[in-house]
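Produce the complete structure using the sequences and hints provided.
Position one of the sequence shown corresponds to residue 7 (this note's numbering), numbered consecutively onward.
Bear in mind the hints are in silico, worked out from the structure with no lab data behind them. Quick reminder that beta carbons are idealized off the backbone N, C-alpha and C, glycines included. Some clues are possibly wrong.
[To be verified] Here are the simulated lysine to aspartate or glutamate pairs, EDC-like style, with alpha carbons at most 20 angstroms apart: (1) K25 with E54; (2) K15 with D50; (3) K18 with E71; (4) K95 with E43; (5) K95 with D70; (6) K95 with D65; (7) K15 with E81; (8) K18 with D50; (9) K95 with E54; (10) K18 with E54; (11) K15 with D65; (12) K95 with E71; (13) K18 with E43; (14) K25 with E43.
[Stated by the list, open to error] Between beta-carbon pairs, the in silico distance windows are: (15) S28 with D70: 28 to 38 angstroms; (16) D70 with S29: 12 to 22 angstroms; (17) Q53 with Q32: 11 to 21 angstroms; (18) E71 with E22: 16 to 26 angstroms.
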Amino acid sequence: LGVNRIGAKGAKAFSESLKVNSSLIQLNVVGNRLGDEGGKAFGDALQENTNLTHLNLGDNGIGDEGGIAFGHALEANRTLTRLNLGGNK
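The following block contains the structure:
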């Protein structure tokens, strides 16, 4: 799903499905202009998702608020082993 201009609205919708997904283990959402709102949506999803092991969210304009959401998510998530947030704010 890389470089598709999903934006924050798309990220929120996609993140809702990640909360209940039981088969997806890798996801590349690089370069989709998610911003903080999209970053927070993915952070919330990671608190509930128990299958995703690799997530690439590089170059999405995610700032401090999104970063804080990921910090909270990583406290709860025990399956994610690779997270790329490179190239964000």
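Going through the hints against the structure:
Of the supplied pair hints, the one linking K25 and E54 holds, its CA atoms being roughly 5 angstroms apart against a limit of 20 angstroms. Annotation: proposed proximity of K15 to D50 holds, straight-line Cα distance about 14 angstroms (limit 20 angstroms). With a C-alpha separation of about 15 angstroms, the suggested pairing of K18 with E71 holds against the 20 angstroms cut-off. Restraint check for K95 and E43: satisfied, since their Cα atoms lie roughly 13 angstroms apart, inside the 20 angstroms limit.
Between K95 and D70, the direct Cα distance comes to roughly 7 angstroms. Compliance with the 20 angstroms bound is thereby established for this hinted pair. At roughly 9 angstroms between alpha-carbon atoms, K95 and D65 fall within 20 angstroms of each other, so this suggested pair holds. Restraint check for K15 and E81: the C-alpha separation of about 25 angstroms exceeds 20 angstroms, so the hint is violated. Restraint check for K18 and D50: the C-alpha separation of about 10 angstroms stays at or below 20 angstroms, so the hint holds.
About 25 angstroms separates the Cα atoms of K95 and E54, which puts this hinted pair outside 20 angstroms; it is violated. Of the supplied pair hints, the one linking K18 and E54 holds, its CA atoms being roughly 14 angstroms apart against a limit of 20 angstroms. Between K15 and D65 the alpha-carbon distance is near 17 angstroms, which keeps this suggested pair within the 20 angstroms criterion. Note on K95 and E71: the hinted pairing holds, with a Cα-Cα distance of about 10 angstroms set against a maximum of 20 angstroms.
As the CA atoms of K18 and E43 are separated by approximately 8 angstroms, the hinted pair is consistent with the 20 angstroms bound. Proximity of K25 to E43 is assessed by CA-CA distance (about 16 angstroms); at most 20 angstroms being required, the pair is judged to hold. Here the CB-CB span from S28 to D70 is close to 32 angstroms, well matched to the stated 28 to 38 angstroms. Our hint of 12 to 22 angstroms for D70 and S29 is violated, since their Cβ atoms are close to 32 angstroms apart.
Roughly 19 angstroms separates the CB atoms of Q53 and Q32, a value that falls within the hinted 11 to 21 angstroms. Against the hinted window of 16 to 26 angstroms, the Cβ-Cβ separation of E71 and E22 comes to about 19 angstroms, which satisfies the hint.
Hint check: violations occur at hints 7, 9 and 16; the rest are consistent with the structure.
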